[in-house]
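Novice: The listed protein sequences derive, respectively, from chains A and B.
So for the first sequence, the working numbering puts the first residue at 1; every next one is plus one.
So for the second sequence, the working numbering puts the first residue at 401; every next one is plus one.
These are computed hints drawn from the structure, not numbers from a lab.
A virtual CB, placed ideally from N, CA and C, is assigned to each residue, including glycine.
Certain hints may be false.
[To be verified] Cβ pair distances, simulated, as ranges:
(1) A:I325 to B:R424: 35 to 43 Å
(2) A:A23 to B:G467: 33 to 41 Å
(3) A:R65 to B:E435: 35 to 43 Å
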Amino acid sequence: MRAGPPIYLDANATQPLRPAAKAAMMTAWETTGNAASVHGAGRAARRLLEDAREVLAERFGGRARDLVLTSGGTEADALAVHALGAGRRLVVSAIEHDAVRAAAPAPGGSFANGSVAETTTGTTTGTTTGTVMGTVTLPVRPDGIAELDALAAILADGVPSLVCLMLANNETGVIQPVRQAAALCRARGALLHVDAVQAAGRIPVDLAELGAHSLALSSHKLGGPAGIGALLLAPDAPFAGPLIAGGGQELRRRGGTQPVALAAGFAAAATASAGDDPQALLPLRDAAEAAAADAGAIVIGAGAPRLPNTTCLALPGVRADAQVIALDLEGVAVSAGAACSSGKVAASHVLRAMGLGARAAEAIRVSLPWTAARADIDGFAAAYKRVADRLRPALASSAA
Amino acid sequence: MTQPATPNRPVYLDNQATTRCDPRVLQAMLPWFSEDYGNPHSVEHAMGRKAEAAVERARNQVAHLLGADEREVIFTSGATEANNIAIKGAARFAAAYGNERKRIITVVTEHKCVLESVADLADEGFEPVFLPVRPDGLLDPAVLRDALAVPTLLVSIMAVNNEVGVIQDIPALAALAKEAGALFHTDLAQAVGKIPIDLAGWKVDLASVSGHKVYGPKGIGALFVRRRPRVRLQPLFSGGGQERGLRSGTLPTPLIVGLGEACRIAGAELPADAERIAGLRDRLLHSLSAAIPGLQVNGSMRARISGNLNLTFPRATASALMEAAPDLCVSTGSACSSAAVEPSYVLRAMGLTDEQAGKTLRIGLGRFTSAADVDYAAAALAAAHAGGAPVHPPPATPTTPTTG
Chain A
1 MRAGPPIYLD ANATQPLRPA AKAAMMTAWE TTGNAASVHG AGRAARRLLE
51 DAREVLAERF GGRARDLVLT SGGTEADALA VHALGAGRRL VVSAIEHDAV
101 RAAAPAPGGS FANGSVAETT TGTTTGTTTG TVMGTVTLPV RPDGIAELDA
151 LAAILADGVP SLVCLMLANN ETGVIQPVRQ AAALCRARGA LLHVDAVQAA
201 GRIPVDLAEL GAHSLALSSH KLGGPAGIGA LLLAPDAPFA GPLIAGGGQE
251 LRRRGGTQPV ALAAGFAAAA TASAGDDPQA LLPLRDAAEA AAADAGAIVI
301 GAGAPRLPNT TCLALPGVRA DAQVIALDLE GVAVSAGAAC SSGKVAASHV
351 LRAMGLGARA AEAIRVSLPW TAARADIDGF AAAYKRVADR LRPALASSAA
Chain B
401 MTQPATPNRP VYLDNQATTR CDPRVLQAML PWFSEDYGNP HSVEHAMGRK
451 AEAAVERARN QVAHLLGADE REVIFTSGAT EANNIAIKGA ARFAAAYGNE
501 RKRIITVVTE HKCVLESVAD LADEGFEPVF LPVRPDGLLD PAVLRDALAV
551 PTLLVSIMAV NNEVGVIQDI PALAALAKEA GALFHTDLAQ AVGKIPIDLA
601 GWKVDLASVS GHKVYGPKGI GALFVRRRPR VRLQPLFSGG GQERGLRSGT
651 LPTPLIVGLG EACRIAGAEL PADAERIAGL RDRLLHSLSA AIPGLQVNGS
701 MRARISGNLN LTFPRATASA LMEAAPDLCV STGSACSSAA VEPSYVLRAM
751 GLTDEQAGKT LRIGLGRFTS AADVDYAAAA LAAAHAGGAP VHPPPATPTT
801 PTTG
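Bound-form chain B, shown alone:
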């Protein structure tokens, strides 16, 4: 296969907000949207059992990618719900069974849904602790160790940050939590398919997965719940008692099949994807750095997923850049708070001033990003920063040289 000579339109470089549903995933889902429509809980009849078998196959695919047992995977509507169930569920179960530990430790740069879940628990008598990060976006393990000096119920730390792409050392952090007798949850939404995951080896008790961040469909995710030793949770809501009572509601077979296929593809293609994307990312950074002296990369470049850049520009604001390059889909930070004018709390926590944060773009490369895309992005952003006329993608006939 050769690279397309012209970039995709628009050039989509916001793969930490969401990813395109892989055509192979869509293909895998299709039959379950048409002839195979049975309810997977209707095990009394053949159509239900067929759907149930498909759900279980997908559960196996998800478990395989995570290095988990399939009985440790429950399906949710997404990572936000999985994070809510993990954090609130573990805390409420512990409290209901007389556990006296109340401390819940997380990090200031977590996704909003983790921060809000932990904050919500303060109203129920728990003691939230929000740890700072170093300027490179990473948590200093010593800071966690100190926080764990007080008996702690739960620690929740994301594997990969959604804004700056830095990779926390989850095995080491989880081990610290274990030593202190605390449960450990990790939000894997940005990590799945980007870095190898081995939940059997890591001392992780709970882990959250998102479908649409790994080229699967939106509306589906998963929660890993360790079996040995068994982690007990109180469900967020109850009903038909599906997913062993942890998550009631009819399982959406097509979406689950899609998530399974997305995980299968991620497992098979992770090393090649990561290497190719890293090459494109370096190419983009090199071009931009050459064109824009003073450009600053936020977050560790050493412990970082290959598809992320978080860049502070010396002069132009992020919104001015985005306005000047309308065919380029990048973002100022987390999509959930995109519409908000507030500077990123993640960047603030890393020591950036509000002014610097206001000049910062998140650029997310992914599986479908081409060399032409990054070349266009570099040219468009350089021109935008120079205050020149907006750059539009070249016409459909190839006018730019193609390079692999």
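Isolated chain A, as found in the complex:
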């Protein structure tokens, strides 16, 4: 067992707060005032809020007026499906986050109660009521990349559609061909929503350059505070209506008093992340991956372009939860998939979509935070080897 502070390699669940974000928030907490109030305190709060909006829009390739602040990435995804998906068929990639998968509108335009439409390629499910259409799943290849040919085939029928394709997957880090997908969507008159929650702050993200219609962003995944995110809309994106009705904030697109300090922290973290060396984490990630492979791990999605901080490691014959618990006891924090589904026993839908079968239940996610250092990787490598050595023979003998 290791002594000392834990080695945190679960950045895709959440990141440590960046000092710039903390400083920006501390200033803002001192400011009393509701950004909607007209008096001096209100105006001061509104200035902070609108400055943050400018920074965020600029950082991610949009206009300030098109940036809708939300409570986080999940709400941003849900809002995109609600506001852009109204009256359209949904085409959802098989590897989307549950925030998108669960947002498929139920008949009548209300929202599915946590259920995910069970569909296969090219077929729609659910009854069609009024203008609300069903959901189609866009498959991915074994390397985790969405099949653009399948997308073209789905859109060929000309049914007005909203396509949801994430920029980088939260479990494997595999980067999706979003620019090509956007071109395809635009050529067929479809809309494209991009969940950039894991990509933002790790690789360049620019809505205008991608050509998509909307972008979901989360603050805490890039080193800002939790509790805030945004939906950045393209200038030509439609917007059917808010998900959260209220006092008319966010140009009537999202009700509720804006959390000014969180917005300031989010913007500061986004700015700080732009200064990260894009190649800094890559050698560390590769070293962790190589050490794990030496101990018997298989790297999922290795052949695809991936986020520089993420690796998904399968250890044949060893259940993912056993690996995660063993690593936790070694003082290493990793996860067995999305943090939100931690504790659930179901194997990852992402890995199943990649055709991994039983192996899907044997993979852990190792994701490096912006603070990761060489010592963290050395500690992880040693712990992983001990865990693999201990768990693998035991299982091999019981399986024999």
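Got chain A; can you put chain B on it based on the hints?
Specialist: Relative to chain A, chain B alone:
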């Protein structure tokens, strides 16, 4: 502790729009913004479990203040979201399960987010009913009883109005709804920390809480969902399935810890706070009434939180007063609609003319309001109303006598 000799600058008397984050709340949040950054849903590792424990401690603090069970509290991004989930969620769940009741009753003086949520449901086949209030801002229980003659799905009535601070008799109104077999929701955004709340005793099914109205952070709130009998809701949006599927999204640990601490402080200090603030409020009203004959207070003074005044001035318009007293932060009504020129719909509903509403200011005193603040406010508003030169706060060296 002695009162500061000089007022705060600017003098902030808009505590129904938002409150200053209590320094103790900020202090409680700090560690969770730095070393303890784990995701509370990452229960597979130690850092996640530590965050989860902090979230659950805060949930307990919130529940304690509300007189609820901690399993009845779910966290949201604020009261607006909580109101949306409660109203739309209850209605949609009922409709999805074949409940034939369609009537949803609320009151014309509710917060915009309640009115809009109810209005949105009209498009989904529900029947919204907006009840009037009496001139004192209170709902006549007989009016609710009459409305409940038609089988009703849901009643939503705020505990404390955000513009005039009047306190509705929630236990009595909730009991009427219960007798009629309707669900009862109350928006507690302006009530938490201002009046004692006992959700276990009140026959309330759903209740919304705001962090930043109770000296906590912005970006966090809570929804009370009764367990016995269990109230079922459809979530507004889904995803990771956090908060028992009712509210997906990573819980913001620092904000939740802040809300918990804010509730702890509110519970401990409510009686003393309320009494002190009432004293300041009476002092302010007394000074203003002496200086400005014909000044009118809107809304019941009997059933009212101690920190609110809503005043119609005999001559000057609200905007002229605010312009003449730039160092005083007061408002013309709800902050959300501050920028709008439209007269307050709350005041209209209480029978004020548009002209009267245009001469009306909302003044919100709070935990950090000092005697010097209210003395400054009284002087500034009296001078502004008299049309004199703008009054500025005195210089930093004490030149005004201090009184407790």
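Novice: Now, for every hint given, state plainly whether the structure supports it.
Specialist: Hint check:
1. A:I325 to B:R424: 35 to 43 Å: Holds, at about 37 Å.
2. A:A23 to B:G467: 33 to 41 Å: 39 Å, holds
3. A:R65 to B:E435: 35 to 43 Å: 38 Å, holds
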